[in-house]
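A.B. asks: Read off the chains here:
Protein chains: 2
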Amino acid sequence: MNRKAAQVHAAPVGEDAVRTMMAELAAAARAAAGALARTSTEAKNDALRAAAGAIRQRREHILAANAQDVEEASGLTDALLDRLRLDDDRVEGIAASLEQVAALPDPVGSESARWFNEANGLDIARVRVPLGVIGIIYESRPNVTADAGALCLKSGNAVILRGGSESFHSSSALVEALGVGLRNGGIDPTAVQMVPTTDRAAAGLLITESQWIDVVVPRGGPSLIERVQRESRVPVLAHLEGLCHTYVDRAADPVMAADIVHNGKMRRTSVCGATETVLCHRDASGATLAQVVGRLLDSGCEVRGDTEVQQLDSRIVPAVASDWDTEYLDAIVSVRVVDDLEAAIEHIHRHGSDHTDAIVTSDQGAAERFLEEVDSAIVLHNASTQFADGGEFGMGAEIGISTGRLHARGPVGLEQLTTFKYVVRGQGGVRP
Amino acid sequence: MNRKAAQVHAAPVGEDAVRTMMAELAAAARAAAGALARTSTEAKNDALRAAAGAIRQRREHILAANAQDVEEASGLTDALLDRLRLDDDRVEGIAASLEQVAALPDPVGSESARWFNEANGLDIARVRVPLGVIGIIYESRPNVTADAGALCLKSGNAVILRGGSESFHSSSALVEALGVGLRNGGIDPTAVQMVPTTDRAAAGLLITESQWIDVVVPRGGPSLIERVQRESRVPVLAHLEGLCHTYVDRAADPVMAADIVHNGKMRRTSVCGATETVLCHRDASGATLAQVVGRLLDSGCEVRGDTEVQQLDSRIVPAVASDWDTEYLDAIVSVRVVDDLEAAIEHIHRHGSDHTDAIVTSDQGAAERFLEEVDSAIVLHNASTQFADGGEFGMGAEIGISTGRLHARGPVGLEQLTTFKYVVRGQGGVRP
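Each protein sequence line maps, in turn, to chains A and B.
Residue 275 is where the first sequence starts when you use this note's numbering, and the numbers rise one by one after that.
Residue 275 is where the second sequence starts when you use this note's numbering, and the numbers rise one by one after that.
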């Protein structure tokens with residue numbers, strides 16, 4: 275497999291050949307989706323657990339493929355190299371995450387609503403069904419291969435994975451292991467397929483041939499997601515940037531504010547739910563803000579402040595206009611004093627990304643106004659923006675946080691990977 | 275207004291001017307959407323009732339504008355001319371439908387789910403919020419102007435309407451009346467705007483400038499909807515064709531089958547929920563099918579049958595291959611004998627449009643298998659396909675029947691014109 279993968283990797287085939295290959299892949303996915311939609315929860319869970327076993331068994335093989343990716347990688351930053359690299363613990367983590375998905379409730383077949391219409395005698399149920407075939411386009415992290423594959427499978431969808439070229443060998447080895455597991459668990463392995471070439475034309479076809487897939491989920495940096503949104507002829511579930519704000523209201527408890535801002539920024543700086551900008555009510559811009567900012571500075575966070583904020587500590591550097599529009603994904607934060615709650619909401623509307631925004635206050639009225647007027651996927655009161663996570667919401671694993679407004683908004687878990695149909699039971703009646 | 279509209283209509287402005295005009299329209303819609311999202315149910319209902327009053331008051335003016343459209347119309351079929359033409363009753367119907375929308379429950383602000391996560395102390399609510407700005411692109415029926423405007427307004431969305439050129443004067447007069455009503459009811463009339471030119475470039479910009487509108491709803495024939503789906507850079511809620519089937523199972527009651535098929539086809543032949551193809555189990559292809567087909571023929575329906583069906587009645591004409599893929603929207607039906615339930619499901623998968631399909635049977639097992647395996651937006655047991663309607667589902671007025679799989683599937687009513695956000699209330703906790 276490694277040799278075959280390397281071959282394809284090294285010598286992308288011509289455009290017609292890519293189209294033929296992709297059409298076959300898509301047809302196989304469509305057929306697998308039809309069968310998978312009617313597969314029992316038990317069979318899907320068995321297959322996921324068998325896949326976890328296959329990944330553990332093939333650990334050495336997977337690590338060798340990953341070593342090849344790392345060796346071939348050039349021009350990757352240390353952070354990207356770290357995302358790419360697998361070790362024993364990470365392979366075990368991938369296997370364990372398949373078992374976690376197996377343990378989640380199956381959304382398929384559940385009734386999200388059911389009612390009886392007296393007027394016409396119809397019993398109407400809204401029943402969850404799979405979306406069909408899902409395309410996932412992602413960048414370097416090999417673990418996405420297994421996580422996304424497992425979530426799609428559990429929600430009854432066939433999936434076509436198109437990973438980054440830098441993780442090609444790792445992803446191929448993982449998909450191969452998944453396939454062995456699925457087959458052992460009694461499910462057609464074409465339910466989880468990977469595009470077997472890094473040719474860019476393949477990804478282009480995947481998102482423009484609208485009959486092949488029902489939805490595409492891009493996972494990666496802004497340029498990838500913008501390209502998919504621009505070119506796609508199929509619906510996109512995108513998670514764009516998270517330019518998240520924490521607003522410290524005048525009625526904020528100083529200790530709580532310092533805790534929530536520190537956690538929102540510093541718990542993990544690379545996640546989309548990390549706080550990037552702190553807004554502070556003018557009335558709290560003295561002792562309270564000094565405490566909030568001091569805590570960040572003491573943790574090694576770079577603080578970029580407006581003129582007023584700069585007075586608080588000599589370590590604070592000046593913020594420039596572009597800071598209010600920057601998702602740092604790093605130990606950097608911008609801090610601004612605003613006149614009031616309204617000005618904070620206005621700043622968030624202007625500069626935010628509709629992802630996640632929080633208010634810290636003991637004023638219930640201010641909190642409710644913030645929660646109502648800030649139109650982001652997730653709005654929080656007295657809680658860290660880093661709670662923006664499907665697991666923390668009790669939804670289990672997630673494929674990302676959608677910043678789109680349609681279908682799925684916020685964490686995209688198993689339920690969000692389904693649609694529904696209306697099942698109507700009559701008694702022979704006709705419509706007048 | 276008539277003169278101004280006629281002028282714009284007659285002399286479309288240049289491309290740059292169209293872009294400037296559309297950008298201004300879109301900016302006004304965005305501002306209106308922000309205000310409308312926070313407008314009370316009472317205020318929206320008052321405005322809708324005031325708009326109904328304004329339409330009644332301006333009846334003569336609206337009829338004069340409509341007469342101008344009818345006079346200018348050329349090349350329209352009688353059916354399209356009939357859709358275009360307004361009279362006293364139809365204007366009253368438009369006004370009454372605004373009042374009906376006012377009487378429907380407001381989805382905005384309602385909690386579709388709320389739970390407490392013990393593990394992290396978060397109280398999480400999923401709250402309905404408007405989508406934002408909705409674009410509606412439609413063809414000749416002037417009533418869509420008022421119906422779509424009212425549904426968008428009630429669901430808290432600003433709307434940009436782009437009607438067909440053949441109904442330009444009628445729609446302009448209706449939007450003008452709506453605006454007078456909205457203003458009298460205390461709502462900014464830019465909440466419901468119409469593109470004031472028939473220049474095709476305006477529609478093109480509306481669906482390609484992705485920051486202007488949040489979703490586009492095309493209403494009209496297949497060519498309009500396909501064009502919007504092909505060119506749009508914003509999400510589309512499309513209702514494509516309804517190639518609906520009624521399957522008469524071997525265990526069907528003959529009288530019920532004849533009733534349901536007759537109603538499914540003949541109640542109204544021009545609606546998307548009309549039955550276009552009847553499939554019949556071989557075991558029911560004698561007396562039962564003769565009764566079903568005889569009832570259709572006696573009502574003046576043209577029946578196109580396969581070789582077996584043709585034996586039943588000399589009035590039956592032969593079906594050709596393309597008949598199984600044709601949405602007649604007329605008093606024509608294709609009829610085919612199939613070997614069994616599985617063959618019926620297979621035919622529907624191959625030829626259907628995932629809209630609405632029905633089974634007539636007294637065999638509960640066959641019914642459940644059909645309801646599970648046919649993957650259409652609406653599947654019915656012992657009920658007419660003409661029940662495919664938001665009103666019949668108890669959802670009130672609808673903007674159409676979505677054949678897409680994401681966000682809205684089936685009838686698109688007020689709820690389907692909203693999205694949601696997560697409102698999270700914490701107690702100062704941070705994420706470990």
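Check the hints yourself; a few may be wrong.
Said to hold, decoys possible - Sample of chain B residues at the chain A side, in silico, Cβ under 10 angstroms:
1) Asp290
2) Ala291
3) Thr294
4) Asn391
5) Val403
6) Gly406
7) Asn537
8) Tyr602
9) Ser627
10) Thr630
11) Ile652
12) Val653
13) Asp663
14) Phe667
15) Thr693
16) Phe694
What the hints assert, rightly or not - Quick list of the computed label-pair ranges, beta carbon to beta carbon:
17) Gly668(B) <-> Gly639(A): 31 to 41 angstroms
18) Ser573(B) <-> Arg293(A): 30 to 40 angstroms
19) His335(A) <-> Asp613(B): 39 to 49 angstroms
20) Asp613(B) <-> Gln701(A): 45 to 55 angstroms
21) His335(A) <-> Glu582(B): 39 to 49 angstroms
These aren't lab readings, by the way, just hints derived from the structure by calculation.
Treat the numbers as computed from the prediction; the structure is a model and nothing was measured.
All residues carry an ideal CB built from backbone N, CA and C; glycine is no exception.
A.B. asks: Indicate, hint by hint, whether the structure satisfies it.
C.D. replies: Hints versus structure:
no.: 1; hint: Asp290; in the structure: violated (23 angstroms)
no.: 2; hint: Ala291; in the structure: violated (26 angstroms)
no.: 3; hint: Thr294; in the structure: violated (23 angstroms)
no.: 4; hint: Asn391; in the structure: holds (5 angstroms)
no.: 5; hint: Val403; in the structure: holds (7 angstroms)
no.: 6; hint: Gly406; in the structure: holds (7 angstroms)
no.: 7; hint: Asn537; in the structure: holds (4 angstroms)
no.: 8; hint: Tyr602; in the structure: violated (19 angstroms)
no.: 9; hint: Ser627; in the structure: violated (13 angstroms)
no.: 10; hint: Thr630; in the structure: holds (9 angstroms)
no.: 11; hint: Ile652; in the structure: holds (5 angstroms)
no.: 12; hint: Val653; in the structure: holds (6 angstroms)
no.: 13; hint: Asp663; in the structure: holds (8 angstroms)
no.: 14; hint: Phe667; in the structure: holds (6 angstroms)
no.: 15; hint: Thr693; in the structure: holds (5 angstroms)
no.: 16; hint: Phe694; in the structure: holds (6 angstroms)
no.: 17; hint: Gly668(B) <-> Gly639(A): 31 to 41 angstroms; in the structure: holds (37 angstroms)
no.: 18; hint: Ser573(B) <-> Arg293(A): 30 to 40 angstroms; in the structure: violated (49 angstroms)
no.: 19; hint: His335(A) <-> Asp613(B): 39 to 49 angstroms; in the structure: holds (48 angstroms)
no.: 20; hint: Asp613(B) <-> Gln701(A): 45 to 55 angstroms; in the structure: violated (28 angstroms)
no.: 21; hint: His335(A) <-> Glu582(B): 39 to 49 angstroms; in the structure: violated (57 angstroms)
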